[in-house]
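Work the whole structure out from these sequences, hints included.
Here the protein sequences line up with chains A and B, keeping their order. When you line the first sequence up against my numbering, it's residues 8 to 372, in that order. When you line the second sequence up against my numbering, it's residues 42 to 727, in that order.
Hints in this document: simulated from the structure, not taken from any laboratory. One thing to keep in mind: the hints can contain errors.
In silico lysine to any residue, SDA-like type, Cα no more than 20 Å apart, as pairs [claimed, not checked]:
(1) B:Lys522 <-> A:Thr39
(2) B:Lys524 <-> A:Leu73
(3) A:Lys60 <-> A:Thr276
(4) B:Lys231 <-> B:Thr170
(5) B:Lys552 <-> A:Thr39
(6) A:Lys34 <-> B:Arg595
(7) A:Lys115 <-> B:Glu530
(8) B:Lys544 <-> A:Gly35
(9) B:Lys544 <-> A:Thr276
(10) B:Lys544 <-> A:Glu109
(11) B:Lys544 <-> A:Gly112
(12) B:Lys552 <-> A:Phe88
(13) B:Lys544 <-> A:Leu113
(14) A:Lys115 <-> B:Thr170
(15) A:Lys34 <-> B:Thr562
(16) B:Lys529 <-> A:Ser72
(17) B:Lys544 <-> A:Ser72
(18) B:Lys544 <-> A:Leu338
Here chain B is said to cover these stretches of chain A; the calculated rule only asks that three of the stretch's residues, wherever they fall, bring their Cβ under 8 Å from a Cβ of chain B [said to hold, decoys possible]:
(19) 25-34
(20) 85-94
(21) 217-226
(22) 260-266
Pair ranges (Cβ atoms, derived) [what the hints assert, rightly or not]:
(23) B:Lys524 <-> A:Asn124: 46 to 54 Å
(24) A:Ala95 <-> B:Ser558: 31 to 39 Å
(25) B:Arg513 <-> A:Lys311: 34 to 42 Å
(26) B:Ser558 <-> A:Asp53: 40 to 48 Å
(27) B:Val575 <-> A:Asn124: 38 to 46 Å
(28) B:Thr588 <-> A:Asp53: 36 to 44 Å
(29) A:Lys55 <-> B:Lys544: 38 to 46 Å
(30) A:Asn124 <-> B:Glu573: 31 to 39 Å
(31) B:Arg513 <-> A:Lys275: 43 to 51 Å
(32) A:Lys311 <-> B:Lys64: 58 to 66 Å
(33) B:Lys524 <-> A:Pro323: 38 to 46 Å
All C-beta atoms, glycine included, are put in the ideal place defined by N, C-alpha and C.
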Amino acid sequence: MTRRHTPEETKAAMHVIVGEMYDRMVKGEPPTMTLPVRTKNNIGFDKKLGVYKYGKKQSIRDATSLGSAKQLLRALHVVEFIEEMLVAGKSSTLREMYYISEAWGLGKFGSQNESNNLAEDLEIVTKCLREDFKLRPEEDGARMIGNLTLRERNRRGEWMRINARDDVGDSGYGVPYNVEAEKIELLEHDIDFIMAIETGGMFDRLIENGFDEQYRCGLLHLKGQPARSTRRIMKRMSEEWDLPVVVFLDGDPWSFRIFASIAYGAIKTAHISEYLATPSATYLGITADDIVAYDLPNDDLSKKDIEALKAELTDPRFADGWWQEQINMMLELGKKAEQQSLAKYGLDFVTETYLPEKLSELGLA
Amino acid sequence: MTGIAEKLASNQKQVAISEFFEKNKHFLGFDSLARSLITAVKEAVDNALDACEEARILPTISVAIEKLDVKKDIVKLIVEDNGPGIPQKSIEKVFGQLLFGSRFHAIRQSRGQQGIGITGVVMYCQLTTGRTTHVRSKIAGEPTAAVVDIGLDTRKNKATKANQGREMWYNADGSSKEHGTEVTAQLKAKYQKGRQSVWQYLRMTSIVNPHAEITFTDPDGEVHHWPRVTERLPTKVEAIKPHPHGIELGQLQRMTSESTDSRLTVFLRMNFSGVSARASKELCVAADVDEKTKPKSMNADQIRALLEAFQGERLANGKPVKLLNPPTNCLSPIEELLIKKGLSKTIDSRFIATLTRAPEVTQGNPYQVEVGLIFGGNMPADKPVEILRFANRVPLMYQQGGCLLTKAIESVDWRQYGLDQPGAKGVPKGPAAILIHLASTNVQFTSEAKEALADNAEVIEEARKAMLEMGRGLRKHLEKKKKMAKTKEKFELINDILPAIAKKSADILGKPVPDLSGSITQIMSAVISETETVWNKETKQTDVAITLFNYTTRVRAYTILATWPEKSGATMINNDTGGRKEATGVWAWKLESLQPGEKTVISYSLGDLERGDWTETDIFFRGSQDVIGASKMDEKFLEEIRRLERVLTDDSSEDEDEDEFEPIESIGEPAVAPPNGQTTLFGGEA
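Here it is, written out as structure tokens:
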């Protein structure tokens, strides 16, 4: 398990990176930064942890091209900025850092994507978490509804007890960006499983239909590709409460990717997979079978969809037989379907027929 | 059999003028209110340019348009020139008589092949507004200008004149006008902006008439000015006789019937171009007509046979009769340098290539293709390139798609030259404008509208070849630009980014800033050249600076060569590095030892050039290690230049230049003695 670092440890870890650059220059060579290759070709299954992690392939970013040199300079500015925050006891969002970089002259970021990627690079190389760097994500966490109780320390430093069914409105409990023990404690629950849902429309449909109470589950709205804190709290609930997690998504290649990042770890964050991934999560639907079995309204796969599916066929996270079958079937059908296409059979079909049938296959209903 | 054309023309004159206009307005250029205005400007400006050219005067033309009645679309047009002026008694003929002048009979390149002339404008004004056209004209030496109002009596189909008189003519600054003509007309028309506008017509006219100064005041009072960029008037063109390949039966019939020659051979020699004494006899043999035949007495069969002999369908001694090409001095191309100047004054850009092909002959008619390509600057990158079409220096503004010139552009796969062209079809896209000019004694149009050139495989191929050559130039330019951008990046890397990395990392670690020379050499590991060619406003010279950086660990030696416009009369000044002439237009400098980490600058200025004449200097090198930013010298290219020089100087000063032209083999690698104890790529251990 990745552990948290003290400010001193964080600073020392960052100085290793700076030292690599410095020493190369002293030797009369171009400065470099060494980091693992961050593509699907360099992730492998870690049997001990049950998730996918970066392999041994390293790439060296050296200052022989303008682009890489600028990256190194930016990394130095970020290191300096983080050190300043550690001293001052402040934190900033990634977006704030992006704007602060305006003052960095040659080292300023061209886009926020660049600054996000660089923060991840630093995490990977230093083995620190961005929480150690005092950097907060911009994306907000998920919404949650169900009979489960937790304790959150509010901004006045007081612990608040919140039941995610009785103490919240229809929009549910909002998961904060930091869900670590210093901020959130999981207290008790009276549910049988957790269901993660891709779209807000479907999340609200299940709430309106009272699905969480009828089937004794916690509902979690992923908001598309789930934020780190969403994946982290799923992982904590699954481990600490020993609850099964089922994932209910659209039936398209992008949803497959969302599932892989939940269950096996995302390629971009493979350095902290064991901290974010829930290996026991199960893909509930929409499957390629479902499109046929339920005769769902569908769309043709786009060129990009097809490319994505083909890329998934060679992605080690989808190497097992069931996934290969699903992906190939979707390619053959040439179709994809949304969660909400189930409404073809009425508003209650999803809660009265589809989900009960799918859950009973898993022994959860 | 004779005079069909004349008969038709006289028949036509009997049709009421208004009817004639109504029926034919599409090909007279008056089919829409917007186009009517362009046509009126065009006729007046063409007249002014032709008159100035004839009188060898550098034209200064001003065009002004005012809106008189916006609701009824009535505008006032004033066109003034500094031409020779028109004698008082001729004004009526020039403005009131259809097809006045001799240019329809002569075979040479002329603007007047298009439109029916200024008379058409006078007619149009009379018919649409009921107003006469006011003409003021002054001849040099006469104290006053002639003035007259010209109209048309639509019932009698005759010109009318009123308010005839003489008056003083003053310029805006109060001085009296020396010579020129001014036309003031009122017509129903609409002023429009954009690709088909008076503005565009004048802009295009100014591009192909770089010797003209044109000022345009639009209806909003905005003044557009296109300056004169050369003092050189277009070459005076000679009229030529028809060539047998370009003649038609009717014309041949008329020529024989009007001939007073006593023998057919004499007739052939004297009335046609390209017919030698021998050919005249052979043509008679081929046509099976006695060479002593009086042309006037030839019968229809004989004339037909002669035409077949012209066309090579009838043989003499088993072969078609060999004819010489017609002379090409009847053509007046704009020429490469002037197209360049014309283009660069109207379009701001980074790259211009122009090309004038040698004259060619198709169906007995001499013609010549000229092209220009201008790239970069502020032109939009995602739109089709602007096509500027011209026939005999007259802009073609309508029917672009159906024109031979457009088809020639479309026949090129522009993708390989760096322009976007989806499916390698159609007009390419990119920040560029393509100019294409056809100069010919007989321009063939697709229709009477005279806006699109008719297909002709030979002309298309000629134009296509010109495009390909220009395209290669463009590709070279783009490749060079890419290379330069890369070099610039490297410089930014070592001059700005690397020192920043060094300082910041030292700051963070609390250590001294490291010395970077080693890292820099490793990063660059090359010899790099940077060339700047800039116009110096103060000195009116083109300043060139070639900088060489040796970012390798060894001493280097090179010969650096640069192109310069010697042939255009440029002079090389302030060339402190010396060097020597390598060939015409190529200068060479020997750099004996470039130390590692050292920078050397070769700088000089080019005099006797104008702004925009020379914007890019090509740099070559001789030496074994590549120089980024320069090309390896192609010795064949030099040899070719030298060969041409020898041909030119053969009879005059062969001995003088002897030591200037070392044999190429001996130049090769510069002989450099490496400094003691150092290894160089050229010498090994010294």
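Among the hints numbered above, which are violated by the structure, and what are their numbers in rising order? 1, 9, 14, 18, 21, 22, 23 and 28
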